[in-house]
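If you read the protein sequences in the order shown, they are chains A and B.
If you read the first sequence in this note's numbering, its first letter stands for residue 1, the second for the next number, and so on.
If you read the second sequence in this note's numbering, its first letter stands for residue 1001, the second for the next number, and so on.
What the hints contain is simulated information worked out from the structure, not anything from laboratory work.
One or more hints might be untrue.
Unchecked claim - Selected chain A positions facing chain B (in silico; Cβ < 10 Å):
| id | residue |
| --- | --- |
| 1 | Pro-68 |
| 2 | Leu-70 |
| 3 | Gln-71 |
| 4 | Tyr-153 |
| 5 | Pro-155 |
| 6 | Asn-191 |
| 7 | Met-220 |
| 8 | Pro-221 |
| 9 | Ala-224 |
| 10 | Phe-240 |
| 11 | Ala-243 |
| 12 | Gly-245 |
| 13 | Met-317 |
Stated by the list, open to error - Between beta-carbon pairs, the in silico distance windows are:
| id | chain 1 | residue 1 | chain 2 | residue 2 | range |
| --- | --- | --- | --- | --- | --- |
| 14 | B | Thr-1165 | A | Gly-246 | 25 to 31 Å |
| 15 | A | Ile-429 | B | Phe-1029 | 32 to 38 Å |
| 16 | B | Thr-1067 | A | Val-465 | 35 to 41 Å |
| 17 | A | Pro-318 | B | Thr-1067 | 16 to 22 Å |
| 18 | B | Leu-1089 | A | Met-330 | 37 to 43 Å |
| 19 | B | Thr-1165 | A | Ile-460 | 27 to 33 Å |
| 20 | A | Leu-199 | B | Val-1022 | 23 to 29 Å |
| 21 | A | Trp-435 | B | Thr-1167 | 50 to 56 Å |
To be verified - In silico contact screen, one side only, chain B against chain A (beta carbon under 8 Å); selected entries:
| id | residue |
| --- | --- |
| 22 | Val-1006 |
| 23 | Val-1020 |
| 24 | Ser-1120 |
| 25 | Pro-1121 |
Built from N, CA and C at the ideal position, the CB exists for glycine as well.
Read off the chains here:
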Amino acid sequence: MSAVVAEHDDHHDHSHDDHDHGPAKGWIRWIITTNHKDIGTLYLVFALAMFFVGGMMALVIRAELFEPGLQFVEPQFFNSMTTMHALVMVFGAVMPGFVGLANWMVPMMIGAPDMALPRMNNMSFWLLVAGVLLLASTLFMEGGAPASGWTLYPPLVLQTGKALPFAVFSVHLLGISSIMGAINIIATIFNMRAPGMTLMKMPLFVWTWLITAFLLIAVMPVFAGAVTMLLTDRFFDTSFFNAAGGGDPVLYQHIFWFFGHPEVYIMILPTFGVASTIIPTFARKPLFGYSSMVYATAGIAFLSFIVWAHHMFTVGMPMAGELYFMYATMLIAVPTAVKVFNWTATMWKGSMTFETPMLFSIAFVALFTIGGFTGLMMAIAPSDFQYHDTYFIVAHFHYTLVPASVFMLMAAGYYWLPKWTGHMYNEKIGQLHFWLSAVSVNILFFPQHFLGLAGMPRRIPDYAVQFADWNMISSIGGFMFGFSQLLFLYIVVNTIRGGTGEKVSDEVWEDAHKHSLEWTLSSPPPYHSFTTPPTVIPTEHL
Amino acid sequence: MNNNDVDIKNAKLVRKLVIVVVLMFGFGFALVPLYDVLCDITGLNGKVGTTGVEEVAYPIDKNREVTVEFMTSLNENTSMIFRSELTKLKVHPGQYYKVNFYAENTTESDMVAQAIPSISPGLAAEFFKKTECFCFTEQIFKPREGKRMPVRFALDPELPADYKTITLAYTFFDKTNKPHKN
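Please work from the sequences and hints to get the whole structure.
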């Protein structure tokens, strides 16, 4: 392997360089590794596994909702499923998926030899595993797993059985893990960039992750504080949220959404970064409006801190509050639209080809926009009273999470797997996977708009018969979507094992090396890349 | 730049970022008093005073009627019967009214309970003047004891004209096994 990349590896006989040994032998490599590529792989594999775990929970939900009446599960367990599905997907699949991409790509994109704090990197991954296992263990406890929705609102959440402290500690572990990951990414980007890689030359994926990392360190501690208050209210007779002792349950909603709204951007900003990376490559044009993309990302991040109460329009806020949060929320449409227009303008008159990663990206731009528009509908406070806590909101955030975040995670998989493994994935099956996913995701979520507008509440195991038809269609879409993802699993495993057998070049995609540094490395890249910094900084994306 | 320089820079940056994390953890807790102060000033959350106000003789506005609705509820695991003798009452701002509530301990043991009032819309709370209320103190019930408990109130005539209906809701909390305040 090292022969291919001699120009990056010529330090390996210097005695002071103690980093140039290869990976440890056997399975222990994956436990003790501090290599950013290994840890990136661990994160991505873990995220994929959790995607299937969370997906199975979603299928329990969709199976129960296939017909009105109670068929398969108890209402309490159904509520546990909606809660655990959300927590597993958010903290186990989407966030770790993007952290995995950051681990793999950020050092290679900025010409750094590794992450700034490799040992902490290992620790944040294993804390994540511990946190998710702790969360999963609550499923087997007396009283069942938390069943109050992922927002964990009191007083309902305080009725959780033995699981409550475990869920709280699990949130603490997940929080510490992502804060450490975020600190690592900020330190890497600030201190490890190759000479000449100025901030405004960084690929947009790096930029979006830098901003995401700041969001993480700002809001994860607030969430940790909120769940700590739940814990002391339950066990130590404090009254943060207990009205009998002078507290106020609505306060929890304010604290939660002060975290929760930036949290949804934590899941979408790296998505934007991946789209801004893939679209220029397959449009064979530089990204349109690079600096406006950077400022739009920063603008969205800033706005995310001052709009939280649009999640709580119905708690009885005074008119002035409703109006403020309504207008502030609508403001977010401006930087978001800048991004959508920039992606469209990047494709405009480009020499486009439609490989799987590009197909997912185009679907992302179209379907994310639908999710954005329904978001605008709900930003209008008086209309939100109708949509609040119905399937309309479920449809809205699934449009912004599944055909956006999840699609772009998979697009990133298709885009970079040839680089990571040195093998080409099977394009035919990839495209089949795309079309099945893109069609079924709409069959799954689009009818939920109608259900919500007709008044079907979210988080219920049974429903009035007039909702039966659309629920059945939605469930059919759900099972189609779920089983289609097995194709993705097959493709990933197959590619790692050799894929099509086609030898991939270093740049994999035509002229990709003009956009970003990782394509100047061999495919697969050496275990230690950029031990000497690169001398030429690609600027095609600017 | 050699490795040592980068290590020092990393350590400095990490220290700063950890401080941000600690401060934000503190900020989460600081939101609790901030919220209380903000609600106090603006009356956002419909909390009303937990002590009675001095009786003021307001001018009575006979031309205006506001409907006051009374709601009662029990917190989880509070074994009581709790109801208002009236479900609603049309009132003239400025005039004092007395409404009785009835609560009964349905257990075979002593019970200490506290009623928590809430007014909606929240901004009306500051115009809702109570001179007497069973919610100002803990209520102690003997086994199976039932009590009639009065609330005496008036609406401040300054109440903005938009308010046509105001809801006064009480929730009883069983605090028998909780540490006692006051």
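Using the Cβ atoms, figure out if Thr-1165/B sits within 27 to 33 Å of Ile-460/A. holds (30 Å)
Identify whether the interface hint at Gly-245/A stands, where standing means a beta carbon of chain B within less than 10 Å of its own. holds (7 Å)
Regarding the hint that Val-1006/B lies at the interface with chain A, is the smallest CB-CB distance below 8 Å? holds (6 Å)
Hinted contact Val-1020/B with chain A - closest CB pair below 8 Å: This hint holds: Val-1020/B lies near chain A, its Cβ roughly 6 Å from the closest one there, short of 8 Å.
Classify the hint on Leu-70/A as holds or violated, based on whether any CB of chain B lies nearer than 10 Å to its CB. violated (24 Å)
Hint check: 8 Å Cβ-Cβ cutoff, Ser-1120/B to chain A: holds (6 Å)
With 37 to 43 Å as the target window, see if Leu-1089/B and Met-330/A comply at their CB atoms. Check passed, 41 Å falls within 37 to 43 Å.
Do the Cβ positions of Ile-429/A and Phe-1029/B conform to the proposed distance bound of 32 to 38 Å? violated (52 Å)
Given a cut of 10 Å on the nearest C-beta pair, is the interface hint for Met-317/A held or broken against chain B? holds (7 Å)
Hint validation: Pro-221/A versus chain B, beta carbon distance must be below 10 Å. Holds or violated? Cβ of Pro-221/A sits 4 Å from chain B, so the hint holds.
Verify the interface restraint on Gln-71/A: the C-beta must sit less than 10 Å from at least one C-beta of chain B. With Cβ-Cβ at 29 Å, over 10 Å, it is violated.
Under 10 Å is the threshold here; is the Cβ of Phe-240/A close enough to any Cβ of chain B for the hint to stand? holds (6 Å)
Of the hints listed earlier, those the structure fails to meet are numbers 1, 2, 3, 4 and 15, in rising order.
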